[in-house]
Structure formats: C-alpha cells, structure tokens
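Asks: Take a look at the letters that make up each chain.
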Amino acid sequence: MRNNLIAIAIFSMLYWSSPAQQIEFEEYDLANGMHVILHQDNTAPVVTTSVMYHVGAKDENPERTGFAHFFEHLLFEGTENIERGEWFNIVSANGGSNNANTTADRTYYYEVFPSNNVELGLWMESERLLQPVINQIGVDTQNEVVKEEKRQRIDNSPYGALSYGIAVQPHLFKKHPYQFSVIGSMEHLDAATLEEFKAFNDKYYVPNNAVLVVAGDIDVPEVKKMINDYFGPIPKGEPVERDFAKEDPITEQITATEYDSNIQIPALALCYRTPAMTERDSYVLNMIATYLSDGKTSKLYKTMVDENKSALQVFAFNRTMEDYSMYNIFALPLGEIPLEQLEKEIDAEITKVQTDLISESDFQKLQNKMENDFVSSNSSMSGIASSLATYYMLYDDTNLINSEIEIYRGISREDIKEVANKYLQKSQRLRLEYLPQPTNN
Amino acid sequence: MKTTIFTFFLSFCASLTFAQIDRSVQPTPGPAPTINIEKPYTFKLDNGLKVMVVENHKLPKVSMTLTIDNSPIVEGDKAGVSSLTGDMLGTGTVEISKDDFNEKVDYLGASIWYGSQSAGANSLSKYFPEILELLADGAINPVFSQEEFDKKKTQLIEGVKSGEKNVAVIQRRVSSALAFGLDHPYGEFISEESINNVQLNDVITFYNTYFKPENAYLVIVGDVDGKATKKLVKEYFSDWKAEKAPQYAYSAPKDVQYSQINFIDMPNAVQSEIEVTNMVDLKMSDPDYHAALIANHILGGSFSSYLNMNLREKHGFTYGARSSLKTNTHNASSFTASTSVRNAVTDSAVVEFFKEIKRIRTEKVSEKDLANAKAKYLGNFVLALENPSTVARYALNIETKDLPKDFYKTYLEKINAVTAQDVQRVANKYFKADNARVVIAGKGSEVASKLEATGIPMLYFDTYAFPVEKPNYEQNVPEGVTVQSVLDSYLNAIGGKDKVAGLNSIQTTYTTSFNGGSLEIIEKRTSDNYAQIINMNGNPMMSVLINDQETIIKQGPNTVPVSPEMINDLQNAVGVFPELKLLSNQSVTLAGIAKVEGKDTYQIDVPGEVITTSYFYDVESGLKLKEQSITSMSGQSQTNEAFLFDYKEFDGIKLPSLKKASIGGMPVENTLSEALINIEFTAEDFK
Numbered sequence: 003m004r005n006n007l008i009a010i011a012i013f014s015m016l017y018w019s020s021p022a023q024q025i026e027f028e029e030y031d032l033a034n035g036m037h038v039i040l041h042q043d044n045t046a047p048v049v050t051t052s053v054m055y056h057v058g059a060k061d062e063n064p065e066r067t068g069f070a071h072f073f074e075h076l077l078f079e080g081t082e083n084i085e086r087g088e089w090f091n092i093v094s095a096n097g098g099s100n101n102a103n104t105t106a107d108r109t110y111y112y113e114v115f116p117s118n119n120v121e122l123g124l125w126m127e128s129e130r131l132l133q134p135v136i137n138q139i140g141v142d143t144q145n146e147v148v149k150e151e152k153r154q155r156i157d158n159s160p161y162g163a164l165s166y167g168i169a170v171q172p173h174l175f176k177k178h179p180y181q182f183s184v185i186g187s188m189e190h191l192d193a194a195t196l197e198e199f200k201a202f203n204d205k206y207y208v209p210n211n212a213v214l215v216v217a218g219d220i221d222v223p224e225v226k227k228m229i230n231d232y233f234g235p236i237p238k239g240e241p242v243e244r245d246f247a248k249e250d251p252i253t254e255q256i257t258a259t260e261y262d263s264n265i266q267i268p269a270l271a272l273c274y275r276t277p278a279m280t281e282r283d284s285y286v287l288n289m290i291a292t293y294l295s296d297g298k299t300s301k302l303y304k305t306m307v308d309e310n311k312s313a314l315q316v317f318a319f320n321r322t323m324e325d326y327s328m329y330n331i332f333a334l335p336l337g338e339i340p341l342e343q344l345e346k347e348i349d350a351e352i353t354k355v356q357t358d359l360i361s362e363s364d365f366q367k368l369q370n371k372m373e374n375d376f377v378s379s380n381s382s383m384s385g386i387a388s389s390l391a392t393y394y395m396l397y398d399d400t401n402l403i404n405s406e407i408e409i410y411r412g413i414s415r416e417d418i419k420e421v422a423n424k425y426l427q428k429s430q431r432l433r434l435e436y437l438p439q440p441t442n443n
Numbered sequence: 013m014k015t016t017i018f019t020f021f022l023s024f025c026a027s028l029t030f031a032q033i034d035r036s037v038q039p040t041p042g043p044a045p046t047i048n049i050e051k052p053y054t055f056k057l058d059n060g061l062k063v064m065v066v067e068n069h070k071l072p073k074v075s076m077t078l079t080i081d082n083s084p085i086v087e088g089d090k091a092g093v094s095s096l097t098g099d100m101l102g103t104g105t106v107e108i109s110k111d112d113f114n115e116k117v118d119y120l121g122a123s124i125w126y127g128s129q130s131a132g133a134n135s136l137s138k139y140f141p142e143i144l145e146l147l148a149d150g151a152i153n154p155v156f157s158q159e160e161f162d163k164k165k166t167q168l169i170e171g172v173k174s175g176e177k178n179v180a181v182i183q184r185r186v187s188s189a190l191a192f193g194l195d196h197p198y199g200e201f202i203s204e205e206s207i208n209n210v211q212l213n214d215v216i217t218f219y220n221t222y223f224k225p226e227n228a229y230l231v232i233v234g235d236v237d238g239k240a241t242k243k244l245v246k247e248y249f250s251d252w253k254a255e256k257a258p259q260y261a262y263s264a265p266k267d268v269q270y271s272q273i274n275f276i277d278m279p280n281a282v283q284s285e286i287e288v289t290n291m292v293d294l295k296m297s298d299p300d301y302h303a304a305l306i307a308n309h310i311l312g313g314s315f316s317s318y319l320n321m322n323l324r325e326k327h328g329f330t331y332g333a334r335s336s337l338k339t340n341t342h343n344a345s346s347f348t349a350s351t352s353v354r355n356a357v358t359d360s361a362v363v364e365f366f367k368e369i370k371r372i373r374t375e376k377v378s379e380k381d382l383a384n385a386k387a388k389y390l391g392n393f394v395l396a397l398e399n400p401s402t403v404a405r406y407a408l409n410i411e412t413k414d415l416p417k418d419f420y421k422t423y424l425e426k427i428n429a430v431t432a433q434d435v436q437r438v439a440n441k442y443f444k445a446d447n448a449r450v451v452i453a454g455k456g457s458e459v460a461s462k463l464e465a466t467g468i469p470m471l472y473f474d475t476y477a478f479p480v481e482k483p484n485y486e487q488n489v490p491e492g493v494t495v496q497s498v499l500d501s502y503l504n505a506i507g508g509k510d511k512v513a514g515l516n517s518i519q520t521t522y523t524t525s526f527n528g529g530s531l532e533i534i535e536k537r538t539s540d541n542y543a544q545i546i547n548m549n550g551n552p553m554m555s556v557l558i559n560d561q562e563t564i565i566k567q568g569p570n571t572v573p574v575s576p577e578m579i580n581d582l583q584n585a586v587g588v589f590p591e592l593k594l595l596s597n598q599s600v601t602l603a604g605i606a607k608v609e610g611k612d613t614y615q616i617d618v619p620g621e622v623i624t625t626s627y628f629y630d631v632e633s634g635l636k637l638k639e640q641s642i643t644s645m646s647g648q649s650q651t652n653e654a655f656l657f658d659y660k661e662f663d664g665i666k667l668p669s670l671k672k673a674s675i676g677g678m679p680v681e682n683t684l685s686e687a688l689i690n691i692e693f694t695a696e697d698f699k
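The listed protein sequences derive, respectively, from chains A and B. The first sequence runs 3 to 443 under our numbering. The second sequence runs 13 to 699 under our numbering.
Please note: incorrect hints may appear among the correct ones.
Stated by the list, open to error - Going by beta-carbon spacing under 8 Å, a handful of chain A positions derived as facing chain B: (1) Thr45; (2) Pro47; (3) Ile256; (4) Gly297; (5) Gly337; (6) Met395.
Rather than coming from a laboratory, the hints here were simulated on the basis of the structure. C-beta atoms are modelled at their ideal positions from N, C-alpha and C, and glycine is treated no differently.
Just chain A, with the same shape it has in the complex (with noise of 0.2 Å):
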C-alpha cells in the first residue's frame, strides 16, 4: 500500500512542469521615438514582423467614423516603392502570410514569413509607416470593400450588430467616442476627401506612435541593423495628444430595443459600463466573467442551459479597452421562454456573487482556468508578437506577457464580492432586447 502511494507521488512528478513559460525580450527606441521589441525563438524557421499604431476608432473624428478600419485596408494599396496591387504577392511570393486588424484603440499589421525573409518584412512595414501612396482610385476600391465587408460581417451576419457593439455602444456611451462602433459610417466615409485621408495619416502614422515587434528565429545584433537601417531615417511626427470627454455614471437602467432582420430567435443583452483595461477591477470583471460563462459548470451555464432549459445559449465577457470596458451579458431564450425570464436567471447570480463569496472550490477552479488561458494565449509566435506590442502600448508594461497571471494570482475572493458590488448594479446598466425585424405590413 505504502509503495503504491510513493509510485503515485513519483508519477505525479513527472507531469509537474514549470508553472508558466518565460518570454524573453529586449525593448528600446529609435532616436525617431518608434519603440522597439525583439522576442528571439530559434526553435521553429519562422518570424513575425509587426507594427502596432497608437490609432483607433475612438481617435476619430466624430463626423468621419470608420477612418482607423478604413486605413486598415488603405495602407496596403502600395507605396513609394510597392506598387498598387503587389503588397499580398510579394508576401505570398515569399511564403508569407499578413493581415491586419483595429479596435478602438489601436491598428495592427502583421506578417509571418520564414526566417529568411526578415529583412522582406521589416522593408514592407517601414514602406508603409513612411510613403504609403495614398490616392483616388485607392480610397475608391478599398470603400468598396469596405462596405462589403460590412454587409458581410454586419448587415448579413446573424446578430452582427450585437456582437461587433453597434448595437450596444450608443447606449453605454453618450460622451466618449467609444459610442461609435469600428467599422463606423458609410455616409462618413463617402463624404471623406482625399486631403482628409492623407491628414489621418500624417497626423498618426508616424513612428512616435507606434510599436514594432520582430519575433521568432532571428539574429539579434543583425535584426537591430536592419530596423535601424529601414526605420531609422522616418522623420519623426507631431506628439499625438489624447483627451477624450468623461462619461457621466450611469444611475439608472437604459432599457433599449434593436431589430436584426436575420435572426429568428431574440436575445437579451445585460451591459455594464466597466474600468480601463489596465485597472486591477478590469481583471477581476475577467474572472468573474470566466466564473459565470466559461465552461460547463460555470454559474449561468449550469442554471440556464443545464438545469433550467431556458437558454439556447448565454455567455458573460468583459470586452477590455483602453479608457473603459464593457461588461456583457448576452443570452438567447430556448423556445418560448421569455426574455423576462433570462433577465430574472441572470439577476439572481450576479445577486449571489455579490452577496456570498464563491466556494473555495470555484476559486481553485477559477485559478486554473486563468493560468490555463494563460499559457495557451501565447502558442504562437505571431500571438506573442502581437501580445508583446498591446502590452506595451495599451499597458504600458510589456513584461506583463510574463507578470499578467500573477495579478490574477491576487486576486482574492473577497475582491471578486466587491468588485461584483461595485460594478454590477441594474442601475448601471444597458437593458437590451434584440429582436428579429418585424415586419411593416
């Protein structure tokens, strides 16, 4: 008996690893103010080159909505030394892949390429921050894409406006720009001169306002040379200052009601107005987000999909952004059941998180969840390139890569009660109910 407890212990062993990876960086910055982080791995042929640009959709002008995503598609028509057209062949023409992507906050571009083609990568992205042509025929083409991609993702899209916020973010912000929704207006966009294009650009694309990442199988010293080489001569721009208007809290439910003309099956929406990013009560909206949705023994989950049979489907996320968050809660009814109904489920587990605190075991559970999310959120090296540049321009900490899982290490059960207290209040909240269109006739 005795023996079979140690072969146990032994066994156990061998599946204890370190607890969580260190990723190694170096960052500085060029004389021009662009920052700069190398993450070397050799173990796999393959780099990331990246820029992230201290530019989205809340830095817009509110009459000239969807520049930032615009912009997006706008910096790959060509430069002074790529021609309209080449940028996607000569990145598959190397083996490579790119895309790019913007929130609010910021705008990503990326390639991954085998090794060999750095210096290729570091090249395209030092055209674009430096002579993108800008013109008419490329404002053109790309606002048509624009426009359907957003019938795509948007207009044609099962629930789009609930799930990319236009639905939502009118009603949780009156003040701040985060009421406008990314992929912005169409109106704006047709409205948009050319001089108006190239004064964004000029006015943020420039390399104080931007971050780039080179990681994977590289050589340091001679990566260095080649950034200093290709970025070093951008001049530098104007410092771009931020302001933005402070909402008012929120002291009494919104109640609102959106039509979607693709679904069939209503749903609720339950949204908080919640803090930056960077705050440690963001992190534990996290966890508590995790706590109710995540999993199927998660709170919501268990009562309304599980044992009630009263939702289809229920999830709770925080949606983290640079000046405030959102805390949502969306959930689509099982057949006939009223969205009354989900609200009264929903209401009665925020109550119990904010009156009793969790089990010690959930907290464990929850630990877990966390550090498991944790690990798996860097698996590749164009995540790790991307994580290292939001850590450093929306945190302003880039070795939370590595520290990120200690704060919510910290965080006790008791935090999780008050921030629960704090935060979720109906009174704070965006009652939403998104139904299919009903018809006129």
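Since the structure of chain A is already known, use the hints to place chain B on it.
Replies: Below, chain B alone, put in the same frame as chain A:
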C-alpha cells in the same frame, strides 16, 4: 564655424549609415532555413487503437485528439442522429455523473469535447493524467439518459431553426444537396422533421455501431513524456472492446450535363451567396495532387488569386472571392469557387467567375504566378512547422489517406516540379466550365431577371433543394388593362368605388401571437391621417403616425429620425384606402403579371426614394392578395411582405380577415379581430 563643420560631419555620418540600404530595391531572401520533420512516437494497443505522441516542451500544456476514421454514414430520415450522439457523449459515464464529470474538467481549467466519432481535450500538462482518464472514460463508458437526450434534441432543433434565414447557411445546404444528392452523406441535411424522427435508442445504436477502436487514432501533442504517456494510454484505453465499425462505399456523384444557375430565392438577402461548383475525382495520393494545389491557388486560393484580384480588387464587388479543391478518399471531392456580393452585381459576378475559370483553362499561367504559388506552398509548409501538432497531422494523413511514407519528405520537391503545362492540364480536368453548377441564394426580385439575361440556363429551387417553378416576373398584360382599371376593379370588388370613396374613416385591428407573447397591429385611417401602432403584450413596440403637420416613427418610446424622402414616400400609404390616391398618382406603374400563392395577379408599383411599394391584385377577382414594401437606406435594403386572405364583409366593405407576414423569417398569421368603419377620430389618435 566649428559648429557648422560638426553638424555637417554628423549629417554626413547619418547619411552614410542610411545610405547602406537602397529601399527602392526589394530585399532578397537569406539562405533557406533547414527543414526538419520529426516523427511522432507511435504505438498500437491490442484493440486496434493507434497512438501518436509528439513531445514539445515549450509550453506547459498538452492537447489530445481521438479520431475514428470511418467512412461517411447516411442518416436518412433520421438525419441528426450523429450530431445528437456527439452532443450526448460527455454527459455522464457508468462511473461518473455528468455534473461530476464537468466539475472535474472545469476544476482543472481544462476542456474536453466529443463528436459523433471523435473526441479531444486541452489541458495544462500538470493535469494531463487526470484529463486523459476523463477523456477515455467519457468515450468508452458513456451513459445516455432520456433527460439529456430530450434537452439536446430541443437545442439542436433551435440551432437548425436559427439558420433558416441565414442566406449563407441555406446556400451551402442546397448546394451540397444538389451536388451530392439528398441520399448521399454529404448531400443530406438536418431538418426539424428529421431530428424529431430520432429517438434515444437510435443514438445508442449509432454509438454502439460506429464508436470502435479498430480505425481509431489518438494523437497527443505537448509537454509530455512518450514512455510515460504510453503507460497511461494503455491503462485508460485498453478496456475499449476490439471491434470494427461497418464501412460503406459510395459511387461518385455525377456532374450536370451543361453549366447552369441553380437559384434559391431568399427575400431577406442583402447579399447574394454565389458558389460555382463541380465534382472532381481527386485524392491526396494522386499524381496530379501537387499540380492541382497550385492551380487552385492561382485561381482562387490566395489574396492575389485570379478570382480575388478580379472580384475584390478590380471591381470592388466583394470582400473576398476564393476557390477550394477538396480531396476525399470516398469518391466525393469537389471544386468550389465562392463569394458573397451585393445584390446589384450578382449577375456581373457570375460572368467574372466564368471568365477567370476559362482563363486558367485556356491561358498558360505566367512564370511569375507559378513561382509565387510555389513559394507560398513552401512558406506554408515552413510556417506550419511552428505548430507541434503539424508533425502529428502529417503522420495521421499518411495512415488515413493512403499516402506513401515519404509523402511529406518529397512534398516540396513535387511542388517545385509543377510546370505551367501541368497547371493548365489539371485546370481543364478539375475546373469544369461547361459542367458547373452556379448555386446562388439571393433576393429573386432584384437579381433573378438579370441572371436570366446572362444566358446561362437557370433552374429554381426552394430552401430544401426541391425544384420549384420559375417565378413569373414578366408575363404580358392583356390589352386595355391599366393602372386605372386594376385599381377600379379592386375598389369595385371590395364594395364599389363610389361607396369606398364616400368613407370618412376606418380602423382595423389584427392580432397574432409571437415569441410567446401577443402582437397587435392597429391601423387608423382617414383621408389625410394615418396611424399604425404595433403593440407587443400591450406595450407599444413600434408606431408610425402621420398627420397634416408631421410624420413620427417610434420604436418603443423612442422617436426615430425620419428623412424628408421617407416622409414623402409614406404619404403614398395615407388614405382610407391608399388606392383612392394612387388613381391620381402619375408615377404609379403597372409592372406586369406576377404569381402570388399560385394565382395570377397584376403588380402595381408605387415608386419612392426610400420606400418602394408593390400591390398585387387578383386577375380574376380584383382583390388585393399581397402587399410588399422595399425600404432602402444607406446602400442596404429590406423587404417586407404580407399575404392577404379570406376577405369578409364589414358594413358592406370587404377586408382580408387574415394577413400572413413574417417577422425575422418566422411566419406570423395576423387575424382581423376588429374593423370599425366611419368612426370619429380626434387629432390625438395621430400624435
């Protein structure tokens, strides 16, 4: 002076440093990286289960996937049984209740999933033994309870329902059904009816028949030790009884005799979903495989492909156009080229699709395109090596797809050997311009006639892939029939033109139940005022109020801004009967004869800048059978329709006692619960 020289010197230095590169020249690649494909540690259990372990200690995590390589299965009138089987696995085992099982998995921060003939898990490596044990237990010793079955069935039905209005979902469903046939595993689809045919016993039988270790592969990748893993797998999977699932063979589905459009009408579509497709006979082990990959890549497999460059970059029709060439070991592979485009360019997009397919069949691809495609495959191959599961996938493919052992060793060599002649040859073999189906789901009223004009033969199908009659948009109107005569005969049919013209007011209330609540539509009309109020469970959900001063639209309590164009167009709906005003409206046209519920009707169009309305009057009785409005704003448009039935008389005026409309695709039947004629309204009624 000194300072000047110093500055000069500095800037000289600077220019020296930067002059070392010439950014007008694209950098050339460094020496090719060495590629190293490791082999997984492989072993087999006595029951037939094959196991592949790839050790990778970069992150403290592990993933495991169980795949049972059965042939595809026809589910017939019980389509949905495999899906339900997958849904029910993991809901309890002989030893552990569902709640305890889920609790354990969640507690360890891990995830486990099951399919009808597969399973998988992700975990931190420190909890790997526990998670592997749970994964095995759920797969080998499941318990199927009636309660869980009923729940999963309801959820699956809801899921199917939720896709009924999704244009892309319907397009794919009909396209597969037409290509493979409804009695082929890849052509049949799940419906509410077929799910209802499935009983708990069917699920148990399905599991007992097909969840067998003989063709099963377990792949484990991550921070584990090979030998220790072997011990664990033996411990947890040896109880799985050695048996083999029945295997079926299928003959290859046939292509159409001539290229044709297969059209599905989706009135809610703001984009058309287009797919050009034909069957191919292609396996990964075929000598043509590498050339076929390259040919598809150049046609539609990348951003810079013929299709995307034409439809997205040149014409701005779409967010993206692509093609794919699938391989299959069961005689059922296909070529598809697809895109989503706005309604107005649907026909042009089809023409451009054929243009590009013909181009790759008739013109040799350029050396540059060929070199680029090869480089892309080389890059993909290198980039994939970053993911440790790639090695396992390669090993699994060699086993299950009947590939030579050196398939991946020679892969790049074979890609490099593809010539422009090869590409043209396989393009002619696999992209069949003359035997293709163009399956389109879109808004018929806007796109069908233009598609007909392309000259490509057009067949119509419903959303379940059954052929339907071609909708008649263009039947000739008999001589003497005019807007005036159609409206007159309608007014006469409902009670006499003079009598109708003499009415002061009318109020109708239609009621229906919707989403478990009651919906009430009240309309109040005088010659100059109009009110339409939609109440949901007694609360106003939407209202349109028009009086001589203003036009108000409300959603709930909130007033929605109304454009001047919209206000103008809404005036066309005002009147005790709007037809009275249409008689003197010069812009109203007689569009032709259209079929409504099987009957011929005269279609009268009332054009507007934002709202275009059409009314359909029975050729025989003169009564109005359908109302339709198309609202277009900001480049988007939405169609609303109502079908009118069972006219009944109220104070000598005939009104439809039943209106069938749809809300978000769900049919709604509104019954006339009250009709009041010549009642007194006050100004408040229209505010």
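Asks: If a hint holds in the structure, say so; if it doesn't, say that too.
Replies: A quick look at each hint next to the structure:
1. Thr45: holds (7 Å)
2. Pro47: Because about 3 Å separates A/Pro47 from the closest Cβ in chain B, which is inside the 8 Å limit, the hint holds.
3. Ile256: Interface hint status for A/Ile256: violated (11 Å vs cutoff 8 Å).
4. Gly297: holds (4 Å)
5. Gly337: holds (7 Å)
6. Met395: For A/Met395, the interface hint is violated, since the closest Cβ of chain B sits about 24 Å away, which is over 8 Å.
Of the numbered hints given earlier, the model fails hints 3 and 6; all others are met.
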